[in-house]
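Peer 1: If you read the sequences in order, they're chains A and B. Just so you know, our numbering puts the end of the first sequence at 313, numbered straight through with nothing missing. Just so you know, our numbering puts the end of the second sequence at 347, numbered straight through with nothing missing.
Be a bit skeptical, because a hint or two may be false.
As the list claims (entries may be wrong) - Using C-beta positions, here's what the derived DEER-type ranges look like: (1) A/Thr100 x B/Gly328: 42 to 50 Å; (2) B/Tyr181 x A/Ala234: 36 to 44 Å; (3) B/Met171 x A/Gln280: 36 to 44 Å; (4) B/Asn70 x A/Ser67: 32 to 40 Å; (5) B/Glu325 x A/Lys187: 45 to 53 Å; (6) B/Phe253 x A/Asp197: 48 to 56 Å; (7) A/Asp197 x B/Ser266: 48 to 56 Å; (8) B/Ala236 x A/Arg131: 53 to 61 Å; (9) B/Lys303 x A/Phe177: 55 to 63 Å; (10) A/Glu170 x B/Glu325: 37 to 45 Å; (11) B/Leu265 x A/Ala196: 25 to 33 Å; (12) A/Glu170 x B/Gln329: 23 to 31 Å; (13) B/Ile314 x A/Glu170: 48 to 56 Å; (14) A/Ala196 x B/Gly210: 55 to 63 Å.
No lab work stands behind these hints: they were computed from the structure. Cβ coordinates follow ideal geometry from the N, Cα and C atoms, glycine included.
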Amino acid sequence: MEIISAKKVSKIYSNGQGLKSVDFTISKGEFVGIVGESGAGKTTLMRLLCGAIFPTDGELIIYDTDMTNIRRARLTNLRRKISVVYQNYNVIPCLDVARNVMLGRLSEVSWLETIRRLFFLNREELGEIKSILEKLNIADKLNERCQELSGGQQQRVAIARALYSKADLFIADEPIASVDPATANLIINAFKDLKYQGKTIIMNLHQLDHAIKHCDRILMFEQGEICFDGKPTEFAQSSAYSRLDDKDLQMGVTNE
Amino acid sequence: MNNILNLIITLGVLVSIFYSGIDTGVSLGVLFEPKNIKAVQRFLTGLWPIETDAAFLLQTFKLLIETVEISLVSTAIAIVLALPLSIASIRPQGEEFTLKRLGMSEWTLRWILYYTVRSLLGLLRGIPELMWALIFVVAVGLGPFPGILALAAHSTGILGKLYSEMFEAVDSRLIETVRSSGSSQFQEFIFVRFPMSLSIFLSYTLFRWECNLRAATILGFVGAGGIGTQLIISMKLFMYHEVSTLIIAILLLVITLELMGQYVRARILTGNEGSGPRKS
């Protein structure tokens with residue numbers, strides 16, 4: 058079942074950069090890795106997919122919703138099916154870990170419940186949050202403020218928030234770019250678990266080895282266009298891969 | 068060309084200063100005229116000894132308390148009014164608030180609300196406290212109540228603007244994180260904007276309370292309660308020894324307040340230090 062379909066989608070910024078007429082479709086249950094140099098349009102794609110920005114041209118359909126002409130009221134509804142993890146700025150630093158995880162399900166509750174959850178979480182909610190944090194080895198930080206955590210721990214909180222949400226589509230923009238290798242594996246595995254539950258994952262990755270090892274499919278961007286779309290095994294032998302690999306993108310590989 | 072322009076501006080400013088001085092009758096001679104020196108002498112010698120009559124001290128104390136009460140209640144009212152107004156005047160940010168995404172009617176309503184509330188806040192703070200006091204004395208009669216209304220009105224204008232700018236200044240990337248998981252703007256406010264601004268919120272509000280306390284000491288000049296009521300009476304009756312007691316009382320109050328303010332502010336700041344800077 059197709060959940061995302063892009064036909065000649067463009068998003069051109071005022072400086073001329075951005076995405077230039079890209080075509081692709083993504084089906085339910087796929088784990089898609091997005092690779093490419095910095096400035097190739099990966100983050101633009103991520104932000105298009107979660108409705109932070111909108112196409113300047115073309116047709117982008119997500120869950121049968123046309124993103125080009127979508128109204129804000131509809132957008133908020135659509136976003137409930139989507140969970141986003143960015144590279145940074147994922148956690149609210151002044152709130153504790155439990156509240157940050159709670160953010161994942163906030164869109165489903167009323168305004169009164171929202172206020173209640175800021176001040177008080179009941180045993181059931183805390184229990185569920187704690188069991189997710191346990192999988193990510195940070196259950197002991199439940200009541201700590203996020204500004205007291207390290208970068209890797211903050212990123213795990215962000216993943217916990219995504220896991221706690223009831224989303225179907227997970228969009229991750231470089232979720233492992235600024236964490237240590239152990240945390241990176243933990244995070245990748247959490248996403249793989251989601252995939253086995255039938256969720257769809259679109260992940261922007263700097264580390265090509267991770268992309269080849271874990272993704273079902275690779276989309277490579279170059280100067281705002283798609284230059285490769287296929288299986289990881291094919292990607293590893295393609296000219297696109299060697300072009301990218303020659304550049305300064307092996308950091309993740311050499312780190313491990 | 069630029070230099071000549073600068074010269075003209077400088078000359079213009081100097082000429083206006085001199086003209087304004089002459090026009091308003093500024094003169095060192097007047098200050099040192101024998102008649103005026105005598106008046107100052109009379110005032111200064113009248114200040115001593117300070118009035119220590121028990122009844123007057125008690126009256127002063129009561130008025131001081133009233134002054135503090137006026138400032139407390141007016142600040143509280145201002146917070147309650149300023150918060151919703153400031154939320155209404157947060158500028159909509161991001162591509163999802165363009166005309167195309169909101170639709171004509173919602174977009175128009177939103178911006179009408181934004182500009183109406185901004186103008187209202189501007190009006191509230193544009194009128195000085197004493198002028199508000201005069202208006203409210205006419206409306207509800209003499210006493211501390213019009214004073215409270217006056218300070219509340221002016222402070223609502225100031226706090227409303229400060230709050231809305233503080234809420235707008237919250238990192239837009241954090242806002243996007245919360246928005247992109249489907250949270251409403253209300254939820255975004257409760258879970259991000261408000262907690263992220265809490266310490267600035269306390270600091271602004273505390274400062275506004277200090278300002279209100281100082282302002283409350285002169286509200287009595289126009290009959291709007293507080294210690295100024297007695298000050299203007301003693302002044303007009305040439306009871307300068309009473310005036311000195313009142314001035315000392317006001318000074319003590321302001322100093323106490325300053326010390327308290329420092330203490331509270333230090334507590335807020337150490338509260339933040341204790342949790343450490345954000346590691347990344």
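Peer 1: When the structure is checked against the list of hints, which entries are broken? Sort them ascending.
Peer 2: Those not satisfied are hints 4, 6, 7, 8, 12.
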